[in-house]
Structures are given as structure tokens and as C-alpha cells.
Amino acid sequence: MRSYLLSRLVQTALVVFLSLTAVFFLVRLGGDPVLLFLPMDIQAKDVNEFRQRLGFNDPLAFQYGRFVTAAARGDFGESLRYKRDALRLVLERLPATFTLAAAALLLTFCLAIPIGVISATQRGSMLDYLGMGGAVLGQAIPGFWLGLMLIYLFSVRLGWLPTGGTGGAAHYLMPSVVLAAFYAARMARLTRSAVLETLNEDYVLTARAKGLTEVAVVAKHTLKNSAIPIVTLAGLETGQLLGGAVITETIFAWPGVGRLTVQALLNRDFPVVLAAVFVISVTYTLINFLVDLLYGWLDPRTRREVGA
Amino acid sequence: MRFLKPLVLLVVLLGLVPAAAAQERARAKEVIVGFAAEPRSLLPNTIVDWTTNNQVEHMYDRFVDRDPKDYKPAPMLATGWKIVNDTTWEFSLRQGVRFHNGEPFNAASVKATMDYIKDPASKTHYLPRWALVKEVQIVNDSTVRFVTEKPWPGLIDRMAATDFLPMPPKALKEQGVQALAAKPIGTGPFKFVQWVRDERLVLEKNPDYWQGPPDLNRVTFRFIPEFSARLAALLAGEIDIMKDVPPHAVELVDRSGKARVRATVSSRINYLALVNLKPGPMQDLRLRKAVHHAVNVDELIQQVLKRRASKMCGPLSPLNVDYSPKGECVKYDPARALALFKEAGVDPARLTLTLDTPSGRYPLDKDVSLAIAAQLQRLGIKVNVVVNEWGTHLDKIKNRTTGDMFFLGWGPALDAQGTIEQLFQTAPTYSSYGGNKPLEAKIAQAVTIVDPKRRLEAWAEIQQMVRDEVPWVFLWQQHDLYGVAHWIEWKPRADEKVWMFEAKVVPR
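Protein sequence lines, in the order shown, are assigned to chains A and B.
Once you know that position 275 of the first sequence is 293 in the numbering used here, the rest is easy, because the numbers rise by one and skip nothing.
Once you know that position 297 of the second sequence is 283 in the numbering used here, the rest is easy, because the numbers rise by one and skip nothing.
Derived from the structure by calculation, the hints contain no laboratory data.
Keep in mind that the hints are not guaranteed to be accurate.
As the list claims (entries may be wrong) - Here are the simulated DSS-like pairs of lysine-lysine, each with C-alpha atoms no more than 30 Å apart in a straight line:
hint: 1; chain 1: A; residue 1: K63; chain 2: B; residue 2: K384
hint: 2; chain 1: A; residue 1: K63; chain 2: B; residue 2: K97
hint: 3; chain 1: A; residue 1: K101; chain 2: B; residue 2: K159
hint: 4; chain 1: B; residue 1: K120; chain 2: A; residue 2: K101
hint: 5; chain 1: A; residue 1: K63; chain 2: B; residue 2: K104
hint: 6; chain 1: B; residue 1: K156; chain 2: B; residue 2: K120
hint: 7; chain 1: B; residue 1: K423; chain 2: B; residue 2: K312
hint: 8; chain 1: B; residue 1: K428; chain 2: A; residue 2: K63
hint: 9; chain 1: B; residue 1: K58; chain 2: B; residue 2: K428
Predicted model, so just to flag it, every value in this text is computed and none were measured.
Let the hints inform the model, and build the full structure from the sequences given.
What follows is the structure, given as C-alpha cells:
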């Protein structure tokens, strides 16, 4: 187990390092960040002085070396826009992103699993068509459109919910519905097909032959055995949600990581972009690791493979 | 509708109804202003940014203001000024003014502020803007002198362009810059209460304000990046003031029963640069004139901007203190355009031009650019419109790699030096026109003339020279459209300041 953990740790470090390297060079393809931070009456010599001071005049390899050395110490530099520590800016936004992700995931599971299971067990019925029709719709509706429509209906017309920002439970409702609409749709469809597949297995036939009720058959024998693909997708979705739901956070003025990252990209605030990539990639690989551990619990055979 | 009742009940039970409805805010005199972004810093004199300054100036007073009627420099913390000699300006300071921490405002404060700007360690954007100031001398507690490297008559305009917000010297020295960034201490009408990152900045009334306390007890800036969501927040009564209502949504706001649109002619100008700083057809004056004659500016204002713009006929708007009303507009005249093309030996049907435009930076910028392309197409000119992300647009202008034309806005444009010196010479970063030695010589001379009358004459002559050269298709001054809740009395300003000291709650 220890060697497994160690190898996972090395893998994580490698993924984070490669993501940071790729992003470091990619953001620089977009152009010079300096102009976006300076007033428009700035003169060429002052632009150059700023660039010099920020180190953008140095050769790219040199800039990269400096970045890697500092980043290894957890120093991603100062945000060009806000003149504050970039990593701190990102970490400050994490709680908002985490709580929204948790709310959205909860809603996703509560919607997707029952819909998927019912669609599978009642295959071909009206409920199946309704469930899957709803899922396709959920996946097809663009998040920004759904978000704006919800705001229009529930905030402007009815005045029931706040248009955005954080606060009480009310503030979570619309953004998590928008997120869940998309993620639940994917998960419901996957749950349906996974459960359908398992229902054809011999042990399900045996369970039914034993005279178990249908509920017991599905809950005890089918669902756990269908769980691997569902958990894999859930892991991916969690990773994506924790990386910040860019559009949703922007529309609902949610002070999360996604909104910060996109603003930083548009403003070419390189230190913030890289700090965000660091946090997001660490979170993503961590979730992946947890999902792998869950596999072992769900299917002991995978544990033996790891052990071997 | 049976399901509605339990749903409403659920909503109420969960406490989901938006807190502090508009009526309550009106009663408590609390206003919420919706901005697209939070301040980049709460330190004054540090970052040149409209949104940042608009918020900072509620806590810090301007040293010199602009008169909201004629936009000439007006007293604020400085009560008066005079030119002592070619390189020395003397300012008398308002007495009895105190910072929010009780520190008195005096000459030491003015000096400490300039020292902060001039210190390279402060990394402020304002350093180059004050490069000409050698030092600030304290004459006595209520008098200071600004000594400049060379004659600088434009100093007072620079001062009035929100470029100098006095800071408390004792707090600056004892607590340091970071403490001041975390908890601003100014002399302004509102005091800092709280800044929740990416969410809101809360300020409260300064009851001891030297101009008398503001009518509002509390001002909150809420940050809503998406404009549709900002509009929705206004219509839902969650925010009370927003800037940049799109022209097509004016009716929606006016009919909402919650807010109405207040418009003002802005000092910000929009233009189509005809770039002569790179090789191409726009090097030829006849072709620049031809393109200008081929563009129907009135039609653009009517059709695209729904009359929400004021046409300009030269490089400066009437709001500019150095504006000269002489000179004629370049008329829309396709026949004249064709004649000019013929004279230059260019067949418009074989001419392909490229037009660079940002999208969403200025009112309907992309739509205007596309409409201009369509107008030029009427003469057979093929125009490729390139839509740039804002950073790329700036890069291209600076590196002189735009197409033959580009769309840009400039402002607040309230004095000639800040506009003409920046935009019609070869060297400046965002210029599109240059290589005109007589013009550059005139500009270099005009910025040093101290006598106001002679200075105005010099700028008038320069404006005519610029008009004759047709470096732009002169377009218009933007109209700024604000959505303002019914219960607030507030008149927007041409210099784009959203200053809540000037807002009042309408008595019911």
C-alpha cells in the first residue's frame, strides 16, 4: 500500500508540474500582459520599464526557470492586477467554489441516481422516456441560457430568489440547479445503462430466483455492482466542479475560483492563472486518487490487482 | 396553480426572499451600486482604472475637482492655485479638514502623497504621469508649491483628472502602505466598513465631512460581472444604480416601474483611426478623406446607436476645455469620395481594407465597425473586419500591426494635451497617426504655453491642422446610460464619476 501511495504521489506531482509547464508557455502565446495593466496614456519607455521590472524582457527559458524555482517554494508571485499574492487570491476563492460544488453534487446525485435506476428498471415505459428525455434536455440546454432564464423568472418576475452573490441558502438554489441540470443529465444516462447491463447478470437472476423483492435486487445486488462507471463519472464531475464552474460563477456573481481564473486569463494576469492551475490540478488529481480508493471498496478484485 | 402555494411557503420558510428589499433601503438611505468588477486596490494614487477610482474616491477626496457644469478645474481640498513662475505652482489648502482617523489634512499630507507616488517601490501607475514634478515644497501648513522640471501649464488639468488624492501622512508612516490598502483612511464623504472580495465593498457616511454629511447613510458596491445579470439585479430591485444600460434595453428599464435610465453625454470619444503609421493606402491624405466622405456618421448614430451618441467633427469634443468650435464637419458625400479615389488613381472596387475592432469595450463597438464596413462596401470597397479580444487589440495598436483602420475610444477626454499629444504623434503608445513634423512641433510648443488665452489659440490651430489631415473618421462622444432606481435622485456626470455624495433619496 505504501509503495502504491508513493507512486500515486509521484504521479500527482508529475501531472501538476506538466500542467503548470504547459500553461506557463500557452498563456505567453497570447501576448504581453503589461499593456492591460497600464493607463492608456503610457509611453513606450515606461511600458518597457514596467516590463523590465516584472521580468518579461528576460528570455523565456530564464523566466520559466525562475517560475519553477519560486513555485517549488509555493510562491507564484504577485497578481499583476491586484498586486497581492496570487496563490492567496486563489485560495480565498476556494470555499465559495467548494460549497457550490457540494450543493450541486448533492443535487446531481439526488436527481440522477433515482432517474437512472427507474429508467433502467422500467425500461421502455413512459417514465423511462420522460427521464431520458429530461436528461437529453438537461445536457442540451446551455448553462448561461438556463441561468439567465431562471434569474428572469425567479428574481425579476417573481422576486423570490436573489439574482446572484452569496448569502443564505437561497443564493445556492439557482446556481446549483444550473450546474446539476448538466451533470445530472450525464449521470442519469450512465446510471441507466450501467444498471441495465448489471440486470442481465446471472447473479441478479439468482437473486430473483431466491425470491428477493425487486427493491432488494436493485438496491443490494445491482446498484453496487453498477457503481464503478458511476463513481468514475462522479469523480470527473467533482473535479470539474471544484475547478470552478466558470459560466455559472460569472452569471450568478459567485466569488469562486472559476470566475477569478477566467478574469485572470482575459487580463493576462499570469501569476493568478498559474496559481489557479496549480490549485485546480492538485484538487483534480486528489479526487482521482479518492475515486481509485473507492474502486477498491466497490470491487475487491481491483484491490488485489494493486496488491499484486 | 395548486403547487404554487406550498412552493411560496417553502420559499418563505427557508428565508429565501431577498433580504433588505428596496423600500427598506430607501427608508434606511442605503444605496447599492452594481459594478462589473471590484477595485483592483483600495490604495489611492496607485492604479489607473475607472472602476477602482470610482470606488476609492468615495473615501478619498480629490485635491482639485472638475466643475460638473463646464468641466474646468475647480477647488476641492485645494481652495485655490496660482502660477508663481514658469516652473512653480502654488496651492492653498482647505483648513479644518480631517482624515477619517482624526489626522488633520495639511501641507504635509500633500507632500507625503507625492512622495508616495514618486517612490519607485510603490510601483504606482501614476509615477510616469507625475514625472515632470521635481518636488513638493511646504510653504506653511496650508500652502504648498509644486516645482516642475520644466514649464508645465497642463499640471492643473492633470491634477483635476483624479490624479491626486491626498493620503494621511501619519498613518502612512506609522501603519504602512499595506495597512492603508486594507483599511483606507481618507478625507472623503464615506468611510470604509468592509470589503468582501469579489462580492461587495461597504461604506458608511462620514458625519464630519467638510462639505456637510452625505444624504446617504450607506453605500454598497456589488460586483456582478455579467451585464445581463446586472440588469436583472436592477430590475429585481437588488441594486439601485448600474452603468452602461445597453441602448436596446432602455425601454425595458424605463417600463420596469423600479428604475429609469438617466443619460449623459460623456467626455469619452469614439473614433475610427485611419492608420498612417504603417504602410498602406491610409498614407495618402486623399484616400483618408475619401474614406471619411464614404462613412455616414449620422446614419450610424441613428441606426446602430439609436441616437445615443453626439456627433463630433474634430479630435476634441465640446466638453473638452481646449475645444475649438471653428472648422467644418467632413460631410457624408459618396460622390466626393469617388472623385478623390479617382484623383488618387485607386479603383475602390479593387481596394481591400482591414478594420480592427474590440468587442464589448465601447457601446456597440463591433456593430458599429460592421456597419462602417457595410457603408464602405456601397462604394465597392471590400472591408475585412477583425474582432479582437481587448488585450490583443491594445497589443496590435501598440505594435502598429492593426489593419488600415481601427476602432477605439478615448477618455475621460477633458483637455487637449491628454488627447492630441497622445494620439497624433509617431511615438505615443496608442497613436495611429504620425510623421507630421510641423504638427509635432506645434504640439510640443502648445504644451508649454502658460498664458491661457495664447494656449487656447495654439490648441485651436492644432485642431484645425488635425482636421485637415483626416487622421480619423471623427465619430462621436458616447452617451453614458445609467439605470437609476426611482427613489434616488442623482445626475450622471460627463467625467464618468459615479459619486454617491451627489445622490439623494427622493422624499416621499
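Here is what the structure says about each hint:
Distance restraint check for K63(A) and K384(B): the Cα-Cα separation of roughly 12 Å lies within the 30 Å cut-off, and the hinted pair is therefore satisfied. Simply put, K63(A) and K97(B) have alpha-carbon atoms about 26 Å apart, close enough for the 30 Å limit, and the pair holds. Proposed proximity of K101(A) and K159(B) is supported: the alpha carbons are some 20 Å apart, at most 30 Å. Pair hint K120(B) plus K101(A) holds up; C-alpha atoms about 27 Å apart against a cutoff of 30 Å.
Among the hinted pairs, K63(A) with K104(B) is consistent with the structure: their alpha-carbon atoms are about 17 Å apart, no more than 30 Å. Our distance criterion of 30 Å between C-alpha atoms is met by K156(B) and K120(B), whose separation comes to about 23 Å. With a CA separation close to 23 Å, the supplied pair K423(B) and K312(B) stays within the 30 Å bound. At most 30 Å may separate the alpha-carbon atoms for a hinted pair to count; K428(B) and K63(A) meet this at roughly 23 Å.
With a CA separation close to 23 Å, the supplied pair K58(B) and K428(B) stays within the 30 Å bound.
In summary, this structure violates none of the numbered hints.
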